[in-house]
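Enquirer: In order, the protein sequences belong to chains P and H. Here this note's numbering runs 194 ahead of the position in the first sequence, where the first position is 1. Here this note's numbering runs 194 ahead of the position in the second sequence, where the first position is 1.
Be aware that a few hints might be false.
One copy or two, either will do: identical chains are not told apart, so a pair holds if it fits within one copy or between any two.
Unchecked claim - DSSO-like mimics (lysine-lysine), calculated; alpha carbons at most 27 Å apart, straight line:
1) Lys536 / Lys438
2) Lys610 / Lys463
3) Lys408 / Lys221
4) Lys408 / Lys310
5) Lys559 / Lys463
6) Lys367 / Lys221
7) Lys610 / Lys438
8) Lys367 / Lys310
9) Lys408 / Lys438
10) Lys467 / Lys610
11) Lys464 / Lys610
12) Lys438 / Lys367
13) Lys536 / Lys365
14) Lys464 / Lys438
Hints in this document: simulated from the structure, not taken from any laboratory.
Protein chains: 2
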Amino acid sequence: MRAEILCVGTELLLGDIVNTNAAYIAKELAAIGVNVYHQAVVGDNAQRLREQLERSFSQCDLVVLTGGLGPTYDDLTKETVAELFGREMEFNQEAYDGILRRFLHSDRQMTENNRKQAYLPVGAVPLQNQNGTAPGLILEDEREHRTAVLLPGPPREMEPMFSNQVVPYLKEKTHSTLVSHSIHIFGLGESYVESCLHDFMEESRNPTLAPYAKEGEVLLRVTASAGSREEADRMMEPVIERVKELFGDNVYGVDIGSLQAALVAELQKKGLKAATAESCTGGLVSKRITEVAGASQVFDCGICSYANQIKERVLGVSHETLEALGAVSRETAAQMAAGVRKLAQADIGVSTTGIAGPDGGTDEKPVGLVYVGVDSENYSTVLECRLSRGYRDERELIRYLASSHALRLALTAARKA
Amino acid sequence: MRAEILCVGTELLLGDIVNTNAAYIAKELAAIGVNVYHQAVVGDNAQRLREQLERSFSQCDLVVLTGGLGPTYDDLTKETVAELFGREMEFNQEAYDGILRRFLHSDRQMTENNRKQAYLPVGAVPLQNQNGTAPGLILEDEREHRTAVLLPGPPREMEPMFSNQVVPYLKEKTHSTLVSHSIHIFGLGESYVESCLHDFMEESRNPTLAPYAKEGEVLLRVTASAGSREEADRMMEPVIERVKELFGDNVYGVDIGSLQAALVAELQKKGLKAATAESCTGGLVSKRITEVAGASQVFDCGICSYANQIKERVLGVSHETLEALGAVSRETAAQMAAGVRKLAQADIGVSTTGIAGPDGGTDEKPVGLVYVGVDSENYSTVLECRLSRGYRDERELIRYLASSHALRLALTAARKA
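Looking at chain P on its own, in the form it has when it is part of the complex (with noise of 0.2 Å):
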């Protein structure tokens, strides 16, 4: 089945909202194997509208849209497929029982326009709307072998519609079975791994290996299609083994996410605690560990101290190295990791101590120049990274940057432990 998305409003097509909804459908699509082929944003026009649906039905058999349903005038989705379709409009009981349903809960009148959505066209099999007043449809010319599936456009009342009762109407009617895992990596570039993997890339057409880069990590995500679940694992074993033997210890995990969550799963699995001490970096560690669910069973305390007095008076960093080492040095870094652990009475204390610019640089120590610090009981260690790429507006990468060695770091420290 080809599959082209279609999202219809003008406020879309003038960048008043950012689409949502073409990336969700999309990422559901292709989990039940059905390939999305194009994209498209029309707005409120009827005429362009009917246009757009030409060109894609004569390219594939299933589009899926979204927006126009609402009650107002210029609301033409529904009439512009039905026309497309040859189908006239007709009051739906189904459609208007959900409709009113909604207006039980509220405290709102019913309106003769929202009589109006409980029209849809012969044929059409109504989707229940469980957000709002709108109800979604399916509609089926199997003469022509086209689908059309409409949706609301509030991503509220489109994604639980699309995931509950398109899926399973969607998935009865394909019987394949499309698997994916990603590999994550991290401290290699997009290109290297692309220049190690390409010719199997090249080559293999089930299971697929695509490269995505962003931020200092590459995630590779294997996908196979097969008859059944346990079939395409099989298929896609040797190859992510072969990936984590190509990359080694830049492999961090197979479908875990993020840095974040490999370090906060790794910690609860060993029912450790870690801690951060930030500089450059501000709070941004302790922001990304918190940032998962469940981070309070592992992570007590960050302290993020931005200045001299703070790095002595309460991570206990002694005023000796500040005066001839300076604060952005291997040994300040090494005292903040272990000051933190001991303030924190952690397992494992982190810290990050650097120049995020744009001022601050010297010929010694220029931007982008940081120091990760871990400190535990059986690896401790300070590593110097240069992470200036000679960008403008580079602060934020650097932090990120030095915020994902931190994590890395304190990820095989708790891998050690």
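Once you have looked at the hints, place chain H on chain P.
Expert: Then chain H, alone, in the frame of chain P:
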């Protein structure tokens, strides 16, 4: 000029990332008076890209493309556009110098792949990439009246390239002097702001007023078109004054960028220091303050006290308060703010404690309940916030909104000091 936005990338098509580029470009084009007619997304596939480009140019004279400019074999945008325009690819020294500069500043090795990035279609105007290796380009075909703008996919690279290089280029083509100001509003909903300004927005064509909602804030963009910058500013002044009158203290600044930038600027002006004590926000408040370059002049210390014992031991919150009222309470927030102010010897202490979810909520203290406190000589208070909207996965939203309330309270305290 009629424009289409065409985003290239399998990761967009499959929903692995949300397409923020289309919204960004659409909004920037609208601001300089260019109408966006259509948006589309295609995968990394030369043939489908070619087909879409032909359709796009049959309806529009400007196509803005993002993605597919990377160094790898599946990055095909440049070649496909060149073919459509009937141009050869040639080595471009200016583009190559830009790429070289990127590598000079980093410890990464340049590869043969990167050299490929310096090949542009004959006659293209190269666009420098301040934040990555892939140069962008503008290609005009004067005979056929069509222009293609090619931009890299990562927003960090695309956005400054578009606003600093493409916008001036298009402005010159369209001959307008457009000046904009941004009015920053916190604490009012977008629909409320819009309903207050509805008549003005409907009637006024120059200057125009457009609201943009983003996580708890509303940004009002005022734009005037005039013969000179001074004249445009004169036209906008009464509008800005009117908005300030209407929304009073909820307007926290004009052209100030963000709550954290407004706070750091106010603290610098007054020679004050702030300190943070965070529980549910986990370091996000200090992370946002230290995002602002120069924050080290006004911020020494942030404590993330995620466990009760750290609230007691480091911040001096009383054991009795924690026992009797719990960590999520007005009293705990007040003591955290006072405690960190004392510990850091700061002028202003600010605190957060609450339930970010998804677990940990009760009937009495539901997910989304957050107390935000501030302590300073002239202004000390605690705000009770209910930040849940009942959405799925709203942990990060609750944390972000709580951090915004904290920054806002600190800003109020700094203004009263």
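Enquirer: First find the shortest C-alpha distance between Lys367 and Lys310 inside one copy, then the shortest across copies, and answer within, between, both or neither for a cut-off of 27 Å.
Expert: neither (30 Å within a copy, 45 Å between copies)
Enquirer: Classify it for me, Lys610 with Lys463: is the Cα-Cα distance of at most 27 Å met within a copy, between copies, both or neither?
Expert: within (13 Å within a copy, 49 Å between copies)
Enquirer: Is the C-alpha distance from Lys408 to Lys221 at most 27 Å within one copy, between copies, in both cases, or in neither?
Expert: both (14 Å within a copy, 24 Å between copies)
Enquirer: With identical chains treated as interchangeable, where does the CA-CA distance between Lys367 and Lys221 reach 27 Å or less: within a copy, between copies, both, or neither?
Expert: within (18 Å within a copy, 39 Å between copies)
Enquirer: Is it within, between, both or neither when you check Lys464 against Lys610 at 27 Å Cα-Cα?
Expert: within (10 Å within a copy, 49 Å between copies)
Enquirer: My question is about Lys408 and Lys310: at a cut-off of 27 Å on alpha-carbon distance, are they close within one copy, between copies, both, or neither?
Expert: Result: close only across copies, 22 Å inter versus 39 Å intra.
Enquirer: Give the relationship of Lys438 and Lys367 under a CA distance limit of 27 Å: within one copy only, between copies only, both, or neither.
Expert: The answer is neither: 35 Å in one copy and 52 Å across copies each exceed 27 Å.
Enquirer: Is it within a copy, between copies, both, or neither that the alpha carbon of Lys610 lies no farther than 27 Å from that of Lys438?
Expert: within (18 Å within a copy, 58 Å between copies)
Enquirer: Within, between, both or neither: how does the pair Lys536, Lys438 come out at a Cα-Cα threshold of 27 Å?
Expert: This pair counts as neither: shortest intra-copy Cα distance 35 Å, inter-copy 50 Å.
Enquirer: Is it within a copy, between copies, both, or neither that the alpha carbon of Lys464 lies no farther than 27 Å from that of Lys438?
Expert: within (23 Å within a copy, 55 Å between copies)
Enquirer: For Lys467 vs Lys610, is the C-alpha pair at or below 27 Å within one copy, between two copies, both, or neither?
Expert: within (14 Å within a copy, 40 Å between copies)
Enquirer: Give the relationship of Lys408 and Lys438 under a CA distance limit of 27 Å: within one copy only, between copies only, both, or neither.
Expert: Result: close within a single copy only, 19 Å intra versus 40 Å inter.
In this structure, the hints that do not hold are numbers 1, 5, 8, 12 and 13, in rising order.
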